[in-house]
Amino acid sequence: MKAQDLLKIQFKGIAIKSDRQIVGMKSTNNHDDCDCDCGCGGGGNCDP
Amino acid sequence: MQNDNLPNEFASWLTINRACNLNCEWCYANPERFKGEANMSLETVQKSINLFKGLPLKRVILIGGEPTIHPEFLTIVKIIKTAGLVPVVITNGVKFRDKFFLSESLRAGISGITVSLKGSSDEQYAKLTGRAAFSDVIVAMKNIVESGVDHNLSITIGDELGENFDDMIAAILKSGTKWFSIDMERPLIICNKAVPSKLSPKQMADFFVKIYPSLERCGIDFVLKISIPFCLFPEGFIEKANKQKRIVSGCHIYVGRGIIIDPKGKLLPCNHFCDNPLGELGVDFSDEDGYIRFRNRPDIKEFYETLASYPHKNCQFCHDWQQCGAGCRVSWLCREASELISIQEERR
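As given, the protein sequences belong to chains A and B, one line each in that order.
In short: position in the first sequence from 1, add 26, done, that's the working numbering.
In short: position in the second sequence from 1, add 84, done, that's the working numbering.
Honestly, the hints are just simulated from the structure, not real lab data.
We put the beta carbon where it would ideally sit given N, CA and C, even for glycine.
Just so you know, not all the hints are guaranteed correct.
[As the list claims (entries may be wrong)] Here are the simulated DSS-like pairs of lysine-lysine, each with C-alpha atoms no more than 27 Å apart in a straight line:
hint	chain 1	residue 1	chain 2	residue 2
1	A	K34	B	K385
2	B	K385	A	K28
3	B	K286	A	K28
4	A	K34	B	K179
5	B	K277	A	K43
6	B	K179	B	K226
7	B	K286	A	K38
8	B	K282	A	K38
9	B	K226	A	K28
10	B	K119	B	K211
11	B	K119	A	K38
12	A	K38	B	K179
13	B	K277	A	K28
[As the list claims (entries may be wrong)] To spell it out: a stretch of chain B is covered by chain A in this simulated footprint if at least three of its residues, at any positions, have a beta carbon under 8 Å from a beta carbon of chain A; those stretches are:
hint	region
14	133 to 140
15	332 to 342
16	416 to 425
[Claimed, not checked] Chain B is faced by these chain A residues, among others (derived, beta-carbon under 7 Å):
hint	residue
17	A41
18	S44
19	G50
20	K52
21	T54
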């Protein structure tokens with residue numbers, strides 16, 4: 027099954043459109059040069 | 085790259101295999117589920133890199149399975165490096181016990197290594213991963229630290245590691261790492277059905293609160309990766325940990341920043357959707373322009389819009405929304421809002 031179909035069928039949230047983009051919180055001092063913004067903690071060494 | 089629907093920067097992962105030299109029950113890529121699946125071919129690696137080169141991204145994160153046991157691991161690292169990108173790897177560490185393999189990897193171009201620590205003793209490793217590899221991983225970690233390469237030690241908390249966490253802290257200290265991260269076990273998607281993690285989100289929050297003082301005392305820099313809604317934590321915890329620079333939250337999936345290519349060349353939204361691709365390299369897109377067209381397809385736009393939406397009415401006015409994002413979206417496929425959002429402690 028495609029991911030988009032799985033989401034349609036199983037998503038239990040109510041999906042109200044948001045105009046506030048989720049940016050995450052990165053309060054760590056480590057890897058200040060991190061640019062991937064993926065929630066990995068820095069350095070891009072992350073498990074998605 | 086100018087397109088209002090797309091992020092300014094991407095993060096990329098190449099899932100180069102599903103095979104592993106460990107067998108962790110909780111792993112989204114548990115090898116039992118992918119028996120006989122081929123390694124990523126060099127042709128698929130090259131096609132992926134050709135796509136990545138046209139997009140605003142720098143790092144290519146190698147992941148598996150266990151990427152270091154791919155027979156062409158060093159060649160893949162060289163291909164990425166030669167393309168002007170930065171190869172980093174997420175590994176269970178076992179192979180880096182071998183100093184020669186580590187030095188060859190660094191020579192090929194590996195610029196960062198994250199080791200996932202699965203337990204605090206050989207006995208616990210044998211029980212949880214099927215192999216008494218703890219001692220090997222500790223030696224590997226010491227080799228990595230000694231080499232000077234950028235590194236991280238990552239611990240994912242599931243129900244098995246919840247007990248005797250002091251032993252885990254002792255293992256972290258033994259590894260010689262300069263810093264570590266504590267992550268939360270996430271749900272799996274098996275046979276098109278999301279399966280929740282064994283610990284509930286609330287149990288996970290309580291556990292993080294419980295271990296925090298021990299983490300503070302251990303003397304090594306650390307971060308908590310929070311993939312559950314902030315409102316599940318007691319008032320003041322997130323604020324305190326944030327002030328101490330201990331929090332990482334968010335996910336590439338909210339803005340569609342991640343490009344994850346699996347061994348068959350399928351594009352995954354994240355590795356937890358390992359059998360559920362969004363599209364396929366070489367079929368739905370091959371280059372930058374094709375990828376932009378793909379991302380503007382109505383079904384793909386709708387997918388990412390849903391992921392970025394408020395999943396619960398309380399989130400609409402919550403001041404933590406942009407940092408919290410209501411946690412991992414895969415949890416929202418298998419848990420009710422009542423398990424994920426604290427109605428009593430909503431933050432407005």
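Outcome of the hint check:
Between the alpha carbons of A/K34 and B/K385 the distance comes to roughly 13 Å, so the proposed pair stays at or under 27 Å and holds. Restraint check: the Cα-Cα separation between B/K385 and A/K28 comes to about 14 Å, which is no more than 27 Å; the hinted pair holds. Of the supplied pair hints, the one linking B/K286 and A/K28 is violated, its CA atoms being roughly 30 Å apart against a limit of 27 Å. Distance hint between A/K34 and B/K179 is unfulfilled; the C-alpha atoms sit about 40 Å from each other, more than 27 Å.
The straight-line distance between the Cα atoms of B/K277 and A/K43 is roughly 25 Å, inside the 27 Å bound, and the hint therefore holds. Pair hint B/K179 plus B/K226 holds up; C-alpha atoms about 13 Å apart against a cutoff of 27 Å. Restraint check for B/K286 and A/K38: the C-alpha separation of about 18 Å stays at or below 27 Å, so the hint holds. Between B/K282 and A/K38 the alpha-carbon distance is near 19 Å, which keeps this suggested pair within the 27 Å criterion.
Between B/K226 and A/K28 the alpha-carbon distance is near 42 Å, which puts this suggested pair outside the 27 Å criterion. About 21 Å separates the Cα atoms of B/K119 and B/K211, which keeps this hinted pair within 27 Å; it holds. Between the alpha carbons of B/K119 and A/K38 the distance comes to roughly 31 Å, so the proposed pair goes past 27 Å and is violated. Distance restraint check for A/K38 and B/K179: the Cα-Cα separation of roughly 41 Å exceeds the 27 Å cut-off, and the hinted pair is therefore not satisfied.
Straight-line distance between C-alpha atoms of B/K277 and A/K28 comes to about 12 Å, which keeps the hinted pair within the 27 Å bound. Under a criterion of three residues with beta carbons nearer than 8 Å to beta carbons of chain A, the stated coverage of the region 133 to 140 of chain B fails, only 0 such residues being counted. Here the region 332 to 342 of chain B counts 10 residues with a CB under 8 Å from a CB of chain A, which clears the bar of 3, and the coverage holds. Counting residues of the region 416 to 425 of chain B whose beta carbon lies closer than 8 Å to any beta carbon of chain A gives 6, which reaches the threshold of three, so the coverage claim holds.
Using the Cβ-Cβ criterion of 7 Å, the hint placing A/A41 at the interface with chain B is satisfied: the shortest such distance is roughly 4 Å. For A/S44, the interface hint holds, the least distance from its beta-carbon to any beta-carbon of chain B being 5 Å, beneath 7 Å. About 2 Å separates the beta-carbon of A/G50 from the nearest beta-carbon of chain B, less than 7 Å, and the hint is met. A cut of 7 Å between beta carbons decides the hint on A/K52: the least distance to chain B is about 5 Å, and the hint holds.
For A/T54, the suggested interface contact is upheld, since its CB lies about 5 Å from the closest CB of chain B, less than 7 Å.
The structure fails hints 3, 4, 9, 11, 12 and 14 (numbered hints given earlier, in ascending order).
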